[in-house]
Amino acid sequence: MKASVSSLYQAVELSQPIPPLLIGERCNTNGSKKFREMLLADDFDGCLQVALDQEAKGAQVLDICTAYAGRDEKADLKRFFTMLIGSVKLPLMIDSTQPDCIAEILKIYPGRCIINSINLEDGGANLHKVCTLAKKYGAAVVALTINKAGMAMTTAEKVETAQQIYDLAVGEHGLRPQDLLFDPLTFTIGSGDESLHDAAIQTLNAITQIKKQMPGVRTLLGVSNISFGLRPAARKVLNSVFLHEAVEAGLDAAIVDTAKVIPLAQIANEDRDVCSDLIYNRQKNADKNALMAFIDYFEEKGDTDDQDESQQDIAAEKLLGQMVLKSNKDGLDDVLTILLGRYKPLDIINTLLVPAMRYVGELFGKGEILLPFVLQSAEVMKKAVAFLEPFMDKADASDKLKVLLATVQGDVHDIGKNLVDIILTNNGYKVYNIGIKVPAETIIEKAKEYDVDIIGLSGLLVKSAIVMQDSMPQYKEAGLKTPILLGGAALTPKFVAESCVPGHAEPVVYCADAFAGLKAVREFEQGKLEPTVFETKTPATARKTTKNVEIDTNVPVPQTPFLGKRIVTDVDPTALYGYVNEQALFRGRWGYRRGKMTAEEYAMLTKDTVIPIYEKLKERGITENLIQPKVTYGYFKCHSKDESVYVQDGETTYEFAFPRQEFAPNLCIADFFKPETNGGDVAGFFVVTIGEKIGQIAKELFEKDAYHDYLMLHGFGVEVTDALAEYWHEQMRIEMGISAQRPDDVTGFVTQQYQGSRYGFGYPACPDLGAHEHVFKLLDPEDIGVTLTENMEMVPEQTTSAIVAHHPQAKYFAV
Amino acid sequence: MKYICINCGYIYDPTLGDPTGGIEPGTAFEDLPEDWTCPLCYVTKDNFDPID
Chain A
0 MKASVSSLYQ AVELSQPIPP LLIGERCNTN GSKKFREMLL ADDFDGCLQV
50 ALDQEAKGAQ VLDICTAYAG RDEKADLKRF FTMLIGSVKL PLMIDSTQPD
100 CIAEILKIYP GRCIINSINL EDGGANLHKV CTLAKKYGAA VVALTINKAG
150 MAMTTAEKVE TAQQIYDLAV GEHGLRPQDL LFDPLTFTIG SGDESLHDAA
200 IQTLNAITQI KKQMPGVRTL LGVSNISFGL RPAARKVLNS VFLHEAVEAG
250 LDAAIVDTAK VIPLAQIANE DRDVCSDLIY NRQKNADKNA LMAFIDYFEE
300 KGDTDDQDES QQDIAAEKLL GQMVLKSNKD GLDDVLTILL GRYKPLDIIN
350 TLLVPAMRYV GELFGKGEIL LPFVLQSAEV MKKAVAFLEP FMDKADASDK
400 LKVLLATVQG DVHDIGKNLV DIILTNNGYK VYNIGIKVPA ETIIEKAKEY
450 DVDIIGLSGL LVKSAIVMQD SMPQYKEAGL KTPILLGGAA LTPKFVAESC
500 VPGHAEPVVY CADAFAGLKA VREFEQGKLE PTVFETKTPA TARKTTKNVE
550 IDTNVPVPQT PFLGKRIVTD VDPTALYGYV NEQALFRGRW GYRRGKMTAE
600 EYAMLTKDTV IPIYEKLKER GITENLIQPK VTYGYFKCHS KDESVYVQDG
650 ETTYEFAFPR QEFAPNLCIA DFFKPETNGG DVAGFFVVTI GEKIGQIAKE
700 LFEKDAYHDY LMLHGFGVEV TDALAEYWHE QMRIEMGISA QRPDDVTGFV
750 TQQYQGSRYG FGYPACPDLG AHEHVFKLLD PEDIGVTLTE NMEMVPEQTT
800 SAIVAHHPQA KYFAV
Chain B
0 MKYICINCGY IYDPTLGDPT GGIEPGTAFE DLPEDWTCPL CYVTKDNFDP
50 ID
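For the record, the sequence lines run as chains A and B.
At position 494 of the first sequence the residue is numbered 493 (numbering that gives the first Met the number 0), and the sequence of numbers has no breaks.
At position 36 of the second sequence the residue is numbered 35 (numbering that gives the first Met the number 0), and the sequence of numbers has no breaks.
Be aware that a few hints might be false.
Stated by the list, open to error - Okay, the calculated bits of chain B under chain A, using three or more residues with CB under 8 Å as the criterion:
no. : segment
1   : 3-11
2   : 25-39
3   : 42-51
As the list claims (entries may be wrong) - Derived DEER-like restraints, expressed as beta-carbon distance ranges:
no. : chain 1 : residue 1 : chain 2 : residue 2 : range
4   : A       : Pro492    : B       : Ile10     : 26 to 36 Å
5   : A       : Asp398    : B       : Pro24     : 53 to 63 Å
6   : B       : Ala27     : A       : Pro807    : 26 to 36 Å
7   : A       : Lys703    : B       : Ile10     : 32 to 42 Å
8   : A       : Pro807    : B       : Ile10     : 17 to 27 Å
9   : B       : Ile10     : A       : Gly649    : 36 to 46 Å
10  : B       : Ala27     : A       : Gly364    : 17 to 27 Å
11  : B       : Ala27     : A       : Pro492    : 20 to 30 Å
12  : A       : Arg659    : B       : Ala27     : 29 to 39 Å
13  : A       : Asp450    : B       : Ala27     : 48 to 58 Å
14  : B       : Ala27     : A       : Arg271    : 45 to 55 Å
15  : A       : Asp52     : B       : Ala27     : 50 to 60 Å
16  : A       : Gly215    : B       : Ala27     : 24 to 34 Å
Unchecked claim - From the derived model, a few chain A residues whose C-beta atoms are all more than 10 Å from chain B:
no. : residue
17  : Glu72
18  : Lys73
19  : Met82
20  : Asp743
Think of the hints as simulated: they come from the structure by calculation, not from any bench.
Keep in mind the model is a prediction, meaning the values are calculated, not measured.
Glycine included, C-beta positions come from ideal geometry on N, C-alpha and C.
Extracted from the complex, chain A is given alone in its bound form:
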């Protein structure tokens, strides 16, 4: 239920990602002497300056009140609004009790404003008029919890009054709940008035209750009343702590002097405790109540409210958070320079940047933002930290939690590990990313050398899961006292819990993605990290048993144009684009998932953001020669026996063994090749690569912290490689004369609307990468620049291989 207000220039969400929405209070004849005097002197330029100053100091909406006994409120309001509309970029709030004044402004206001305010003091006559206007002009409305009996003092009265107003405004006038901002009123806790000792508690509770009882509505407070009667320096601190508590209670918006709100991080813990005691009316000293303790405390501290301090504004703090959230790097150095004048660099990181990144992570977790945007936020974070680092003491960095990351032995895949690196680094942890194909011995050595607190292991391959399992006892024997986090496509919580956890003395934890990794690191910090456990859930709903399928062993063997291998290096890269699985690229590789978006919103995102990135990469693929397709492939006589296919190359026979499904229909790849008794068969093989250039450039992007572009280019490379495999598989079908059935579109290719199948080595139906040894003997992929790692994985990463079956019943299946 989003709701925003707007000016001619911009829209502002009522519920800010980092609450509260700050509404500037200074353009008010009742609240500001300076403003009142200028208005009385008809100095409207001066009044405008007050508005502009607040805009510069971080206000997000401006409250405007020109009511003053003896003046024509309507004329003043109209004249001032006319100036404001053209000069101030912020949305405005009409602060008037007069429906005719409000109507006058609504007529001329070019955006969506907020009306301040309605209440039930007169039983509802004014409320009726103002709500009618609000409905007509689509304005948001502030509602004060005042009824016929006066201002509501207790939580119950405040909530009850709010409910009455809600029933009228929403029930009768048809306003939307999210257009209402309830102000449960703030009374001073600084006057010593007995009846007001718990006034802050009543108000805070009312905020929570109102939001619970009336879902969708927003809450608002004029904060500074809380400290009325106290000394200015003490007021600023109390106001700021109270504002923080109110936000914790669920407050959405605050009417404040933005120049005087102190960020919580800047308030000493002791100050904060004294304020909290007063707010929550906690008497800690038998002789004096919370108020006396508060007054004495600030008396002793002395009045430090000098001019410099009063000029402090929270604009820079808030702006920095926004820059991370909105991934905006413009002017980042300027903002940081301002902040360096107020905080230690480490404090900027820990109290401003890290919480902003954490918030970004939470939004990702809730499906409200997508991975590419998280990476852009991380780029801002990284840039900010790089700017701050020269100002930091060496000691500052040393107490960070240290994490070692590696892709395990034999595995070259580093995108997952690098995403974890990005997320952890930019949440304030020290990451030692020691690369790919790292043997356990090296991991142990480096973990000791860097004295790390946690080890994170990554690996995409099925084989890598086994490597992780097998290496656990090694870590234990080496005496490592660090927990181990495991991530990778082939892992499951069950496998980690049953096969990895028992091997190591410290917690071993399955992490589904980079944010699960972050969560685990945080739990470790809090002493709460537990090893992954796997509980068998209630059995899945009964399914139909799939019947056994009879595989025809008498299909004709196609004529292949040759036997043996051939190399092709003149594939036109543009021909591949038609085979790219765009859905898998956009949603899977890039993370542009639909999440909570409507179909229309997602279509917009695709059109405005995703397609342009894709088109640009397609263009670069050609103009910068990023895609250099090379193919080695061949056809070989073969026959099957049980679960193996025996492939004949000249005098040599190579055995390819495949697993069989342990459940119906109990398929095995070997079933799709005819046995010797039926005359044998022919098998196709290919190894295709788009070369190493994309991999190299992606690596450079990662190294220079261009996280977003790194993810985009890497994903593009993965899918273009797969497109080349798809394209070449089709060429082979054409050569074999089995291409009569051609898919209409990419989805048709995805779902194998063609004869036969290609099975990639390392995938479930043919998981054994060891088969690559034979494939390399058959096809000599070294001739197209492809080599094998010690774990039988192909390099460069943008390479794929397959065994090709022509059998009409050959399709993908899981083992």
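Knowing the structure of chain A, use the given hints to seat chain B on it.
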């Protein structure tokens, strides 16, 4: 509503179900067993996005 596998592009159409996975035609995506996986690339249900 149809759902697409973000890993491979397979589309789950409730009117067709998933015969290879023993899922009857007419089964809504929400009603698929928690351990159901993509019939083409075997990723889990949370890797599916709604379409149309």
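Practice task
Quick one: which hint numbers does this structure break? Sort them smallest to largest.
Solution key: Failing hints: none at all.
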